[in-house]
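J.: With chain A fixed as given, assemble chain B onto it according to the hints.
2 protein chains.
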Amino acid sequence: MPSWGLGIDLGGTNIKIAVVDELKGILFEDTQPTDVPSGPDGVVRQLAFMASELYQRATETLDAGEFAGIGLGAPGAVDAEKGTLSYPPNLPGWGRVALRDELRLRLEEAHSLSSPVIIENDANAAAYGEAIFGGGNAFRDFMLVTLGTGVGGGIILDRKLYRGPTGTAGEIGFMIVDFEGESVHAGIRGTIEGLIGKERIVEMACSEQIGAERSPRLAELCNRDFSRLSPRHLEQAAREGDAAALRTWERIGTILGVGLANITALMDIRKFVIGGGIAAAGELIFKPAMMQLHRSTLPSMHDGLEIVPARLGNKAGIYGAAALCFNAAKPPASDA
Amino acid sequence: MPSWGLGIDLGGTNIKIAVVDELKGILFEDTQPTDVPSGPDGVVRQLAFMASELYQRATETLDAGEFAGIGLGAPGAVDAEKGTLSYPPNLPGWGRVALRDELRLRLEEAHSLSSPVIIENDANAAAYGEAIFGGGNAFRDFMLVTLGTGVGGGIILDRKLYRGPTGTAGEIGFMIVDFEGESVHAGIRGTIEGLIGKERIVEMACSEQIGAERSPRLAELCNRDFSRLSPRHLEQAAREGDAAALRTWERIGTILGVGLANITALMDIRKFVIGGGIAAAGELIFKPAMMQLHRSTLPSMHDGLEIVPARLGNKAGIYGAAALCFNAAKPPASDA
Chain A
1 MPSWGLGIDL GGTNIKIAVV DELKGILFED TQPTDVPSGP DGVVRQLAFM
51 ASELYQRATE TLDAGEFAGI GLGAPGAVDA EKGTLSYPPN LPGWGRVALR
101 DELRLRLEEA HSLSSPVIIE NDANAAAYGE AIFGGGNAFR DFMLVTLGTG
151 VGGGIILDRK LYRGPTGTAG EIGFMIVDFE GESVHAGIRG TIEGLIGKER
201 IVEMACSEQI GAERSPRLAE LCNRDFSRLS PRHLEQAARE GDAAALRTWE
251 RIGTILGVGL ANITALMDIR KFVIGGGIAA AGELIFKPAM MQLHRSTLPS
301 MHDGLEIVPA RLGNKAGIYG AAALCFNAAK PPASDA
Chain B
1 MPSWGLGIDL GGTNIKIAVV DELKGILFED TQPTDVPSGP DGVVRQLAFM
51 ASELYQRATE TLDAGEFAGI GLGAPGAVDA EKGTLSYPPN LPGWGRVALR
101 DELRLRLEEA HSLSSPVIIE NDANAAAYGE AIFGGGNAFR DFMLVTLGTG
151 VGGGIILDRK LYRGPTGTAG EIGFMIVDFE GESVHAGIRG TIEGLIGKER
201 IVEMACSEQI GAERSPRLAE LCNRDFSRLS PRHLEQAARE GDAAALRTWE
251 RIGTILGVGL ANITALMDIR KFVIGGGIAA AGELIFKPAM MQLHRSTLPS
301 MHDGLEIVPA RLGNKAGIYG AAALCFNAAK PPASDA
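As you go down the protein sequences, you meet chains A and B in turn.
As numbered in the UniProt record's numbering, the first sequence has no gaps in its residue numbers, which increase by one up to the final residue, 336.
As numbered in the UniProt record's numbering, the second sequence has no gaps in its residue numbers, which increase by one up to the final residue, 336.
Here chain A stands alone, though its shape is the one from the complex (with noise of 0.2 angstroms):
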């Protein structure tokens, strides 16, 4: 039986939900800023009142006994067991809270609506997203990564999300590929993150190696204020050919390869769903990634290595907290 749920995106800066269908994806959606300076309490009425909201105008069209529950992806750690948010690195001055009891009882004492709520780490929740309605949805195994200010990921396997014994699982940003190389982030020297990540991506461009002399498109598109050039900027310039913005992309690629080589020697994943602002370069990215996947495997590990790019977006979190509650509302299948 097809059922709908409502998935919601708690971020720093915005609140996004949608009322997605099990077949239909996204029907309807709403955002609002997110009102940080109320709190905890002010974010849960909040995020009570939106879904409220959205679930009314939902069962106007929607048969109301269809309806698998309420799931939410937030930032930071979150135990999906217990229901807990601990310190979200976007929500300042949170420290534990348990966000799904409490989501549920204001639903029910504010909106007297009585729902399942089931929250998610945000990387997991996309990664789960992906799985059902995006880019890993052929496969069986995969790792969805994110490439962006940060770099994330979330794994599937057997189709199911892997969150490791405490809910950590899918760091990819903290593998250390250089560890006694010169990037350190976050008190770890050569990490992805530290060598990848956004911050990482512009310096890469305005290093040494193709500084502005060398490259005077690239000048040129940041009006020559090289604090202002963005991964845009250098995909554009990667575009028209420009060499050194060509030469950014192919190291962020190779260093991607490598970070994904390690997942395939440990884990023997060889399937990668790429998502996240970064990543809209495609090829120029994917290409030497998958190239230096090649070079950093043993030739018995090649066998079905596959790089595809994501397909949900920023919208891979509402997605795939609302398709673990599908999950969750049904029995579980006889045989898999």
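What you were told as hints is all true, and nothing was included just to trick you.
Partial list, computed: chain A residues near chain B (C-beta under 7 angstroms): (1) D141; (2) D178; (3) I188; (4) V258; (5) S296.
Chain B stretches covered by chain A per the calculated footprint, using a threshold of three residues with CB under 8 angstroms from any CB of chain A: (6) 174-184; (7) 255-267; (8) 290-298; (9) 301-311.
If you're looking for bench data, these hints aren't it; they were derived computationally from the structure.
Ideal Cβ positions, reconstructed from N, Cα and C, are used throughout, including at glycine.
T.: Chain B in isolation, oriented as in the chain A frame:
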């Protein structure tokens, strides 16, 4: 109901076989030089002969009705589902061999022994052995890392073997931690095995960092013939306080710690069981590894990190192979 089985370790030099009791461990065992020249057919004959002989001996005192089966650990690519062994590195000339079915058939036809047979990659079998009988017994999730000629490993999740989608998971030796470094091993730059495999450890000790003139004790231990320097010499010198030897072990532990940190970041595994000949150096490796593991992970990941020695030595694979039979012989538990 407790049961017993046969565990076999098929090596390029010896075949080791033992009767393993689910509660008491190894009861008796046998070792014979592997009849490599006779090829797959001859080795299957040899395996069947050794197994049936030990089975007969066992049933003089054990209940044949409680016999769980024969488990065989083999090096190289094992497809546990199909029962095949492909291109084992230490059995030259073998292609892809249907080892499980051929052994089962041979046991029936030549020895009238009808027995379930399970085959598994040797590193996976060793990890399972440590999980059930050894150093990983207290851990629900852990990784066994074996430090020897090569660096290998096996992953236990939720007390079960994690094989990965194609059965090759756990290759920590091919994890890259120094992608721009000088070391190249099996064509790949900066892998753990290339940095702390046995050969490299000896090279490290011979290198300029701690050359002969710097450590008279090391020179003495190998009779001034550094080509004969062994990890045992290094261990002895370190225990006597030799600074050069201590530095070498510290570096080995540090590099191991970086690799373990990557496993924690990616898989959220926080327990490590370290085996293999090199691991006999114990705290000389474990201490710097633990320090580096802390340095190389976020403070939020430090909870529960542990490094412990493996306990079954080179019998881990035999234990694990037999233990896989115990599990297969039982109906699935109704509740984990």
